[in-house]
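Participant: Protein sequences appear in the order of chains A and B.
The opening residue of the first sequence carries number 1215 in the working numbering; numbering runs sequentially from there.
The opening residue of the second sequence carries number 2 in the working numbering; numbering runs sequentially from there.
Don't take every hint at face value.
[As the list claims (entries may be wrong)] Below, a sample of chain B positions facing chain A; criterion: calculated Cβ distance under 8 Å:
hint, residue
1, Pro67
2, Gly69
3, Leu71
4, Gly74
5, Asn201
6, Thr204
7, Gly222
Keep in mind that the hints were calculated from the coordinates and are not lab data.
Note that the coordinates shown come from a computational prediction; the quantities given were computed from them, not determined experimentally.
Quick reminder that beta carbons are idealized off the backbone N, C-alpha and C, glycines included.
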Amino acid sequence: MALAVLGIGLIVAPAVFQMFQRAPKGGQMMSAFEGIETTSNVEMIQGYFGSMAVGQGAIRLDVVPALEDQGMTPSRVQSRFPAVATLDQNWDHILNDMTPMIGAMSDNVANYQAIAALPPFPLFPYFFVFPGLLVVAFAIGAGPGRRNRGSRVDGELSPTSVQAAIEQERETTWQR
Amino acid sequence: MAKVVTSRVTLGLLALVTLGTTMSTALVAGASGKSPAKTLVGTFKLSAGSCMGATPSGTYFRMIFPGGSLSGGKFFDNPDSACTDTSYTLATPGTAGGVTTGKYQPNPTPAYSTSGGALANAIIEPQSFTGINFSIATNRVDPQTGLSVPAPVIKVRNGKLSGQVEAWSASWNKLSFNQGSPKPDGSKPGLTLPVSGTYNAKTHAFVLIWASAVVGGPFNGFTGYWHLAGVFKAAK
């Protein structure tokens, strides 16, 4: 009985926890990150960061001062090149966001690869369902109906137990 | 017969003299080689980095991209560098004048400005790196790895420096990067080089060099190359 309950629990669990809907989404997420969470990709983005820093540095340290040297006031530079001004103003925030993101990407390459090595996510619910079915089948196979066959239950005599008793009686008589 | 004996005795004496000379030379050499390393306790006062000469001098550092080499790079360019070759980031000494051995020079509280610039200023003055200040501290617990680390130890033996700077921690953009050698777990990953250098006992001038691979974070796989120069001042 307990086995049957356990088996049914395993069969029902994926549905209860919405695994049939969620597991494929996990699979989609793993596929989406497949081309991102690699060491070579992280190194490429680290390289982009280096290039961006050099570019922003050139704007901040070379271009803007050169414009100011030619008589443009800082407010004039800002109005004439608003994108440059916006980049400069937001550069710290860009770094504040970008570098931890690269760090998170880099630190999770090994974690991603470990999870990617698992079987496909959409199969996960069936890892509960199939064992559940097996447990239920076993519980049915070893159920009370089957156990009664060929064995004594609650004082009743079964054919095999009668046979065994007769043979034991014969042996005792022979020894006498 | 007597002639033979004389020549043999002479030969024997010569062999003994030769053996004795060789042994004494070896013993003298061995004794000098075994002179104990002396621990330099005090402050390695840093000279400010400079790009005036053909090659940079004083105190500076460079960052090598993953897959690069210490001699050939590829090097990370810091647009805020004062050098023509912007892969050199120069440092100027901080309030303590430099790095102190035998004790920690930890991060202040808070360790960063609101924009993420490092505020530690004992060893070096915060320097701009890609628009945000970075600096150096040595903390009892390494901020990146969370491991306890010993205070820096530098030893001298026959004018050559060695030791450990496991606690050397770079701060930048609200992030910490262990830049020690060896690393806090004692390992020397990637291009990590042990501390080496020279020391002049008369002038106390020193040059300290090491390299340390960045493990984890946005600069994972990069290597920091550190060149510290200046004059050692012993603790009283």
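Participant: Give a verdict on every hint.
Facilitator: Hint by hint, here is what the structure shows:
Using the Cβ-Cβ criterion of 8 Å, the hint placing Pro67 (chain B) at the interface with chain A is satisfied: the shortest such distance is roughly 5 Å. Hint status for Gly69 (chain B): violated, given a least beta-carbon distance of 11 Å to chain A, over 8 Å. At a threshold of 8 Å, the smallest CB-CB gap from Leu71 (chain B) to chain A is about 18 Å, leaving the interface hint violated. Below 8 Å, beta-carbon pairs count as interface contacts, and Gly74 (chain B) has none with chain A, the closest being about 12 Å; its hint is therefore violated.
The beta carbon of Asn201 (chain B) comes no nearer than 37 Å to any beta carbon in chain A, farther than 8 Å, and the hint placing it at the interface is violated. Proximity of Thr204 (chain B) to chain A is violated relative to the hint, the smallest CB-CB distance being about 37 Å (cut-off 8 Å). Interface hint status for Gly222 (chain B): upheld, as the beta-carbon distance to the closest one in chain A is roughly 6 Å, under 8 Å.
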